[in-house]
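Engineer: Sequence:
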Amino acid sequence: MKKKKNREAMFSARKQILNIGFVVLILVVTFIFLFNSLSDFNDPGSYKQYLRTTRWWILPLGVVFLVLSVLCEARNLGMILKLIGHRKSLKSCTVYASSDLYFSAITPSATGGQPAAAYYMTKDGVPLSQSSAILVLNVSIYTLGLLVIGLLALFIRPDFYTGFAGNERLCFWLGLGFHGLLILACLLFMFSKKTVLLVGNLVIRLLSAMHIFKDRDAKLAAYRASIANYRACVQIIRENPAIIFRLLFYSVMQRVLLMPITYLTFVACGVEVGFVDTLVMQAYCTVGASAIPLPGAVGISETLFVDMFSAFPAFTGNTSLLMYVMILSRSVSGYLAIVFCGYITMSYHIRSIVRAGRTDAETGEDAGAVLPEAEEIVDLGTEEAVKTPVEETNEPAQPDEPPPDPPPAGDPEPSPVIAEETGAEPDPSDTTE
Numbered sequence: 001m002k003k004k005k006n007r008e009a010m011f012s013a014r015k016q017i018l019n020i021g022f023v024v025l026i027l028v029v030t031f032i033f034l035f036n037s038l039s040d041f042n043d044p045g046s047y048k049q050y051l052r053t054t055r056w057w058i059l060p061l062g063v064v065f066l067v068l069s070v071l072c073e074a075r076n077l078g079m080i081l082k083l084i085g086h087r088k089s090l091k092s093c094t095v096y097a098s099s100d101l102y103f104s105a106i107t108p109s110a111t112g113g114q115p116a117a118a119y120y121m122t123k124d125g126v127p128l129s130q131s132s133a134i135l136v137l138n139v140s141i142y143t144l145g146l147l148v149i150g151l152l153a154l155f156i157r158p159d160f161y162t163g164f165a166g167n168e169r170l171c172f173w174l175g176l177g178f179h180g181l182l183i184l185a186c187l188l189f190m191f192s193k194k195t196v197l198l199v200g201n202l203v204i205r206l207l208s209a210m211h212i213f214k215d216r217d218a219k220l221a222a223y224r225a226s227i228a229n230y231r232a233c234v235q236i237i238r239e240n241p242a243i244i245f246r247l248l249f250y251s252v253m254q255r256v257l258l259m260p261i262t263y264l265t266f267v268a269c270g271v272e273v274g275f276v277d278t279l280v281m282q283a284y285c286t287v288g289a290s291a292i293p294l295p296g297a298v299g300i301s302e303t304l305f306v307d308m309f310s311a312f313p314a315f316t317g318n319t320s321l322l323m324y325v326m327i328l329s330r331s332v333s334g335y336l337a338i339v340f341c342g343y344i345t346m347s348y349h350i351r352s353i354v355r356a357g358r359t360d361a362e363t364g365e366d367a368g369a370v371l372p373e374a375e376e377i378v379d380l381g382t383e384e385a386v387k388t389p390v391e392e393t394n395e396p397a398q399p400d401e402p403p404p405d406p407p408p409a410g411d412p413e414p415s416p417v418i419a420e421e422t423g424a425e426p427d428p429s430d431t432t433e
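So for the sequence shown, the working numbering puts the first residue at 1; every next one is plus one.
Wrong hints could be hidden among the right ones.
As the list claims (entries may be wrong) - Calculated pairs, DSS-like style, for lysine-lysine (alpha carbon to alpha carbon, straight line, at most 30 angstroms):
| id | residue 1 | residue 2 |
| --- | --- | --- |
| 1 | Lys88 | Lys48 |
| 2 | Lys219 | Lys82 |
| 3 | Lys123 | Lys48 |
Unchecked claim - Pair ranges (Cβ atoms, derived):
| id | residue 1 | residue 2 | range |
| --- | --- | --- | --- |
| 4 | Ser310 | Ile227 | 31 to 39 angstroms |
| 5 | Ile236 | Ser46 | 20 to 28 angstroms |
| 6 | Gly85 | Leu152 | 30 to 38 angstroms |
| 7 | Leu170 | Asn318 | 25 to 33 angstroms |
| 8 | Leu248 | Ala185 | 16 to 24 angstroms |
| 9 | Gly357 | Ile156 | 48 to 56 angstroms |
| 10 | Ile353 | Leu151 | 19 to 27 angstroms |
| 11 | Pro293 | Ala356 | 46 to 54 angstroms |
| 12 | Ile227 | Ala314 | 26 to 34 angstroms |
| 13 | Ile227 | Asp159 | 49 to 57 angstroms |
| 14 | Leu68 | Ala356 | 26 to 34 angstroms |
| 15 | Glu272 | Lys123 | 44 to 52 angstroms |
| 16 | Pro60 | Gly85 | 38 to 46 angstroms |
Bear in mind the hints are in silico, worked out from the structure with no lab data behind them. These numbers come from a predicted model, not from an experiment. Built from N, CA and C at the ideal position, the CB exists for glycine as well.
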């Protein structure tokens, strides 16, 4: 059993390494494409000058915005959990949010986030049916927040949109359309029992393929039996519509808090671009990058960043500076976010394994103390007798008494009732009922 667990752990670690390697491969291909496609790319030696002149003390402020963004999703999950009767600490909710963001960033098509978050919720005592409803609501609100951000950007600076090339406009509208369809799918999932069964089966099969669940058939049967619990959870959410506005606020803030990181990068590099213009352009870029569900939006985010921000006069004829700023901005808001969320998730996962190992060890020691000699099994017809040690007492051991003498022939044996009435002790060998 221990060897099997080790093999599963190694396979899981190997799978994560492969996923991360896939993300790195996309990133390398993207940078090669960008460097080769920029015809007016300056001498790479200019990066040495950028490194010397960058005000590095400004960039840690971007890390603060990154942490606040993760805490916004943790806050949303905590509010939904509290609504349905599960009070979880901010620390636990941060683990759920981090696992969602981390596995979404390293799995193909960003499909691993919600199953991972559901797994850790289930480990903390939240039924799978309820965690499914929580994550569906969280995804729908998050998607609605992206739609709000995209429409606000289009309303504040429509001239940015008119200046985009055809592929940039296409990505923007594909992002809006994709998230609109995703919201409809989430609503259907929340209020359609057939959809709940179908998607739940797919999620459990995915978890089984990831070697998170072992007995897939048992989990599927348990999930089908818990649909009523899921429907009750959805009903609680429907009866509290006011929470939708609070969830939407934190979802919008989760995305908005990442946008000032680009502005801080501009300030650190001495690029003069307005704060509002930076946020609006980053909003266009965020919505457009979500049109293609790549892990961590790697590849599409870098490409759209270079294409969209090249419209600013500060980067005219200076694409090396644009590339440098893009690398710094994405390093904090994208790559460091993956590392940060991965660290939180893996730290919690390792601590859980260590605690489980200690519990198993303590249980094994206690069992050994109770049954140190429980090895001999004697077959007694249809029953099995297990040899167990005699409990120690403070009373002195009584010597074995010889069996009573048989009664004289011809004398009848007194019945227990008569013996009790006369004060005589009944024969212990008598088994008459």
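Engineer: Hints the structure violates: just list their numbers, smallest first.
Structural biologist: Of the numbered hints given earlier, those the structure breaks are 1, 3, 4, 5, 10, 11 and 12, listed in rising order.
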